[in-house]
Structures are given as structure tokens and as C-alpha cells.
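A.B. asks: The listed protein sequences derive, respectively, from chains A and B. All residue numbers for the first sequence refer to the working numbering, where the first residue is 1426 and numbers rise by one. All residue numbers for the second sequence refer to the working numbering, where the first residue is 12 and numbers rise by one.
Among the hints, a few may not be true.
Claimed, not checked - Taking lysine-lysine pairs in the BS3-like style, the calculated list, with each CA pair at most 27 Å apart, reads: (1) A:Lys-1518 with B:Lys-323; (2) B:Lys-484 with A:Lys-1518; (3) B:Lys-164 with A:Lys-1518; (4) B:Lys-322 with A:Lys-1518; (5) A:Lys-1531 with B:Lys-220.
Read the hints as simulated data drawn from the structure, not as lab findings. Values in this document were obtained by computation on a predicted structure and should not be read as measured data.
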Amino acid sequence: MRLKALLWPVVGIIFSSTLVLSFLNFGGPLVTFLNWATIGSLLFALGYFVIAQQMLVYVSKRLVEAALTLFVIATMTFLMLRFLPGGPFDSEKALPPEVKANIEAKYGLNDPVAIQYKNYMFNLLRGDLGESYKYLGRSVSDIVGEAFPVSLKLGIYALIISFIVGIPLGVLAAAKHNTYVDNALMVLAMSGVAVPSFLTAPILIIIFSFWLNWLPPALWDGPEYYIMPVIVLGVRPAAYIARLTRASVLEVIQADFVRTARAKGLPQTMILFKHVLRNSLIPVLTYAGPLIAGILSGTFVVEVIFAVPGMGRHFVLSVTNRDYPLVLALTLLFGSLLVVANLVVDILYGVIDPRIRVKGSS
Amino acid sequence: MAFTGNLKNSFYRSWTQWLLVLTMGALIASCTKNKKEEYGLDIRETLRININTEPPSLDWNKATDTTSSTVTVNIMDGLAQYDLNDPELKLLPALAESWEPSEKAKVWTFKLRKGVKWTDGVEFTAQHVIDGWERLLNSSTASEYAYFLFSVKNAQNYFEKKVKDFGEVGVKATDPYTLVVTLNQPASFFPYLTTHHSTYPIRKDLIQKFGDQWPEAGNMVSLGAYKLKVWEHDKAIVLERNDDYYGGKAKIKNILAYMIVEGSTALNLFETGKLDSQHEIPSVELSKYKERKEIREKPALILQYYGFNTKKAPTNNVLVRKAIAHAIDKSEIVSILGGGQVPLTSWIPVGMMGYEPDIGLKFDVEKAKEYLAKAGYPDGKKLPRLVIGLNTNEDHKRVAENIQGQLKRNLGIDVEIQNEEWKTYLNRLKVDPPNVFRMGWQADYPDPDNFMNLMTSTSENNRTGWKNSGFDKLVNDAVSLTDNSKRKELYSKAQRLLLEEGVAAVPLYSSVRHKLVADRVVNYPINVMDLLVYKYTSLKE
């Protein structure tokens, strides 16, 4: 019991100090240690919960399923790429046939598809994702290894912003249901969902870079460079979360136990934040799974507009370049993120609402 | 109650204090950032440019794209270099002091400069050139530009492993500073090839030591005015002046090259003083910048054309092709593009030897109608459906729609536009080209041969199906001549065969490049080949 009580505050402190230091672009062994400590403590917390809730069998089943899913994803992507017309070495200036044949032989592209598939899968099992066809001499793991942390950083701040802003606004709107506060907030949220990032970004750039001259319009060199991309990326999920929270709170607020709490004379804020909110978070959590996977793996529009050297552009350019190994690596990474995020969300259901029990736990 | 109130207050106070400290910190950080760029570079001696994307490879034997060559052209030199001040881009000595043709330009002797040092102090010799050429032609290198030296005796045989010993290939060092090159047949343009990055000398010892990683910063050595200092993938490259450069020190100490994909993002950075130049201005933004003093405009050696599939009905009929060629008013196309492009009827673009404005079929609706009637389709009646193919791109689409309109208006024929994603489109051109297809060509070297060779029977880039042995012979003969007026004559005959008799293609326009260059930059490189050589550029105090 004492351990459990300590767990979340410790994780929280480590996590938030890592976030602040990382935002201010501090480097060095302390930050590296904190990064690992964050990952470690999050895993520990999750593991602790899985064991405490006796979900071990369930989680291992899900992990086997995940591996199967990823295998199917890899196979489908591989086949679809081969059926896509145009190859990696087709270019405006057509190569002499002997030169092109020689290059294709080097990458094994003139082997039958079945052989290529077999080679790819064996390499994948050994953890070798191959070498990029476009960026010569760079392994796909290097490319992803350099771009992913950038997208991760941008994504984590955007996620935090969207939860910190979205949930309280949703609760507030629900508490002031059918008043002008509610209406104003929901109009705001609706526009947040509806306005695309390729519009919010230029508007912010005009205001903060051109008129006020406070923030740089692009690049990725330090704290002042992070602010605008994080906001632009966070607006839409924040708005969506606000709407989800509001709807869910409105539903829970009518439950019997809330009436009981009111009857007991508990203050409104306490009812809202202690009794209602926790029970309203299930839909938000469900949305969080795909959201986390989508945001952490990088977004094309925001990263391109702000020249952020993350994963977003690779998702698009690797396909137009027919850079098969890179496309496959990105698909697998996105797939794994999605699978893991959904699994974590499923585990967290039990944390938020102990009434939820999964099959396989006794 | 008062007690909790105090607690509450102190809680808030401590938070506001923290917030204040954080904002102050961020402010101080942003203030100090303004004086120094990232990587600790002093802005006053750093030229900040945008190279658009991560260079696919700085291995100059293997690189094929303009981003990579923008970097390599600044850190390396070839045997010869272009005279960037000469409008025709004549050659100047670089690593070679001089060169001489013999046997009617079939054998070339290059005298190399003595005492030139690589950035690690090793002396440059002819063997480094031979190593580079061997590597380029070695099939295990798998370089896309291997064919660049196929004009050298036995080079293609070595590439195809028909000749095992590189000693049989026509390049020899008679002493450490003399290189003798023997070609398959005379070629007046040969020295131009030595300006190209694929033929630069290399250091075999480093490639053996570092393998694929040799072009990384820290591993790479070079011979140019700059050296590679930082290469942060997908983000930026820093070049630092090579103080021991044989050609005299460059004026600017550092070049900071960002990799910004989106044109309007780069424009924002330019406008806020974070970039010193930007090379691509989206055509929708062009009108906004046209009146600015920072704008530079320069014709480019780029030909945009529509090719005909001469094997597919109805464009297999030369009369139909003539009718279409006569029915397109190119000045109309140029005016809707609004970028200062030059309408073109000839194959060789403006600014190149051999350009003659009167070659090619001119806009003439009456003639067009006449040809169409002669072909058996008076007023466009009964003409089988025509397809114009293009790769998906805003400007190409606008051009195609304009041509669609012109053909309807002038000939009464309906055409269908089919656009496809770039590589899908390239595949379509290989497998089954549409009746009319959009294509372009950008000069590899400023010699008409580079354009004329495109349409020979054996060219992979001739997707028209049109083959003419007379044309092949004219182009082949012209290459071996060193007398420019005679060459011009042959090219003019060949162009008329291609465009007026065979009508395998319709040239549309030659492109113009627009750049923005900041006020503080002096002598920014602007030339028809768009070679971004920065060694003569300087910054105002």
C-alpha cells in the first residue's frame, strides 16, 4: 500500500522534471539518466499494476496478438509496395538499361518477389531493417533513430498540452452546462477541431513571428522554436478532448452516486473532480490510444511547415521515392506504436475504473 | 480559514515566481540566440542558405541530385571548372592546369596542378583521378552516373565486366601529374565531363577505412574551397572555409545549409532574416516578390516539352502531330505561368550554343486546320480520343488545361488530361506512353549535345518511338567537331528533322529561375547552370 502510494508521485516528479529540462534543451548525463528513469519508472508502474490486477496472462496474450498483427502489416506493406507502379531507380533522366540492372542487382530487386520477401523477413527477424535506397550508405534504423526522438519530443509536449487544456475545459463546460460559458467553449472547441493545422500554423506565424517578432517562424534549435509547433499540433486533440470530456461528464453527472454526493453536501468542485471526472475519463482514454500513436510518430503538415526534422516528411517522401526499406520501417514503427498505445490504454482502464476487469484476469 | 488562505496564497506565489523565472530564462535564451547561430557560428561570417532536403549522398561518385551537388561543388573540384562570369560558361582550369586534344579530340591530355593538398595534407596526384574513375565504372559501386564516362575507351566493357583489367580502360597516368584519356570516338565536349562531381578524384584509402561512412563529417577529406564540418542529417550542414585551398581563400568563413522542404517556410525565414537566400519561390507567391530588390531572375537551361507517342493512333500520323504543333500558342502558356519563361519552338533552349528562334513549327491556326483535314479529320471530326499525360504538379496542370483549351478552340478537338504521381508516371512512359506526354530536360553540361542526344534512336530518354538514322548521324557527327559554326549547322539540320519533319515533340518553353538574395550578400552565384559555387561570394560588414 505504501509502495503504491509512492509510485505515482515519484513517476510524476521524474516525468515532469525530464519534460522541463528537455524543453529547455538541456543535455548531458543528467537528462539522459532522467529519460531512462522516466521510461523505466513508467514501465515499472505499468508492470506493478499489471501484476497487482493479475493481468499477466491477458497482457501476454495481447503481446502475442501484437506480434501477429505486425507480421501481417509487414507482409501487406511489402506486397503493396511491389505492386505499386514505378521503382526506386526510375528517374526523369532514364538510366541506360545495363546501369539500372546493375543497381537493381545490388539491392536484390531483380530476384523473384518470393525470394525478396523471404530475405526481408529473415533480416527483419534479426533486427536488420536494411539500407535506404534513397539516402545512400544510411541504414533505415539510423534514419528513424535520428528523426523519431524529434517527433517524440514535439508529440509529447503537444499531448500534454492537449490533456492539460482539454480536460479542464471540458469539465468547466459541463459544469456550466447550457450557459454562455459552455456555448463559448464549445464554439471554440468546434473550431479547434474544424480548422486544419495548415491554417492555424500560418496564422500563428503571422502574429508571433511577423507582427510581434517574439518567436522564430520555423526551425528546431531551442525552447522558443518549440512553442508554435507544439501549440498547432496540440490544438485539435485539445479541442476534441474537451468535447469528449464534456459529453462524458454530462452523462456521469446524472448518475445516482453523484446525487448521493450532492445530498451529502460535498462542495461542487470536489464532486466534479473527485467523483465525476474519474468516471468520465473512459471515452477520453479510448481516444488517447490512436491519438498517442498518431502524434508521436510525427505529422507531415506541422513538421513541414515549421521545418521540424522529424518523421513526418519521411512518411510521405519515402513512398514517393519508392524507398521500400524506409516505408516498411515506418509502417512497422507506426503499427507497433498503435498496438502498444492501445494495450496501455486497455490496462489503464482498470486504473481509472476498478470496476473494469478484463478477461483472463482472475 | 485565514490559515488556509495564506497557504493558498503562498502556493500561488511560488508558482507565479517559477513562471516568472521560466519566462525570464526563455527571454534571455532567445536574446543570446540572436547573436550566434546554432553550431556556434557567428552570423557576420556565415552565409545561411536552404538546400531543400537532406542530400541523398555526398559520395560524389554516387550522388545524382542537385541538392547533393550543391554541397559537393563547394567542397570539391574537378579537373576543370566553369567560368561563372562567362555567359556561355566556358571552362577554366581547376585541378588540371591545362588540357590538349589530339587525334581530332579522340585523345585528351590533362596536365595536373602540382602541390595541391587534400584537407588532411596528402598531396593530390593523377592516381586519385584514376581511382575515382575506376570506382565510378566498377559495377560493384552501382553508381547511376557510371555511364558518364562510357565515352572513354573500354569503360563500358569494364563496367559490364567484359574487360577485367582496368589497365585496358583508356585512362593512364604517364607521370603523377599527367593524365592521358583515350576515347572511343572524338568528343569535343569531353573536358566538360570533368566538371561533373561523378568524375572527381577520390581517396581510395579513406573509402577502404570508413566504407559507406566515408562521406560523413569527420571522415571526409576534400580538395575544394570549403570542407565539411557538420552534417546533421535531415537538419543542416555546416561547411567551413578550407584555408589551404589552392585557388585562394574563399571570402565567407562558414556556410550553414538548412534542409527546409517547404518553400513558403523558407520564405518566412528569409523575411525574418534567418536565411540569406532562397532558391525556390512557389509560383503563387512569385507576383508578391517580383518587385522586390532582393529578387534575382535568370534563364535556366531547362527545356519543357510535350512529346508524342508516334506509335499510337492518332498521333502515329505525322499530319496530326503537325496540326497539334501548329495549334499551340506558346506565348499564351508563358503568360498564364507568369514566371518570365521564354516561349520556345526549337529544341535547344535559350542561352545555349545552337539556339535558333526560327527553328520549329510556329503557331498558325490555318495551317493546323489544313493538316488536320489532310489527315482525314476535317474540323477534328472522327478524331480518336487523345490523351495528354503529365505528372501531378500545379504548374504542369495549368499548362495542360491551357493546351486542352487551345486545341478545342483552334482545332475543335477534345483531349483528356491524365495526371499521375511522379514514379507511376515514369513507369507509364516506359510501358505505354499516352498520345501526348509532358517532359522536361535540364542540362547536365552546357553543351547542345546534351539536349540533342536525348532524341537519338538509342536514347533511353526518347520515349516517342520516333527513330531517324539521319538525325542520329547528324548528332554523332556534330560531337566530333571542334569548330562551333560547323557544329551549329549540323544541329540546326538535326533540329529541323526532329521538329519540322518528324514532329516527335513540341517544345513549349525554357524555364527561368527566381531567387531571393539578402541585401548583405555580395556576388551571389547566378548562372544558367544554377551552379551554387560560393567561393567568390562575400558578406557586407
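A.B. asks: Hint by hint, note whether the structure agrees.
C.D. replies: Hints and how they fare:
Taking the CA atoms of Lys-1518 of chain A and Lys-323 of chain B, the gap is near 23 Å; set against the 27 Å cutoff, the hint holds. A distance of roughly 22 Å separates the Cα atoms of Lys-484 of chain B and Lys-1518 of chain A; the hinted pair therefore holds under the 27 Å criterion. Taking the CA atoms of Lys-164 of chain B and Lys-1518 of chain A, the gap is near 24 Å; set against the 27 Å cutoff, the hint holds. The hinted pair formed by Lys-322 of chain B and Lys-1518 of chain A meets the criterion: a straight-line CA distance of about 22 Å does not exceed 27 Å.
Only pairs whose Cα atoms come within 27 Å are accepted, and Lys-1531 of chain A paired with Lys-220 of chain B is accepted, the gap being roughly 21 Å.
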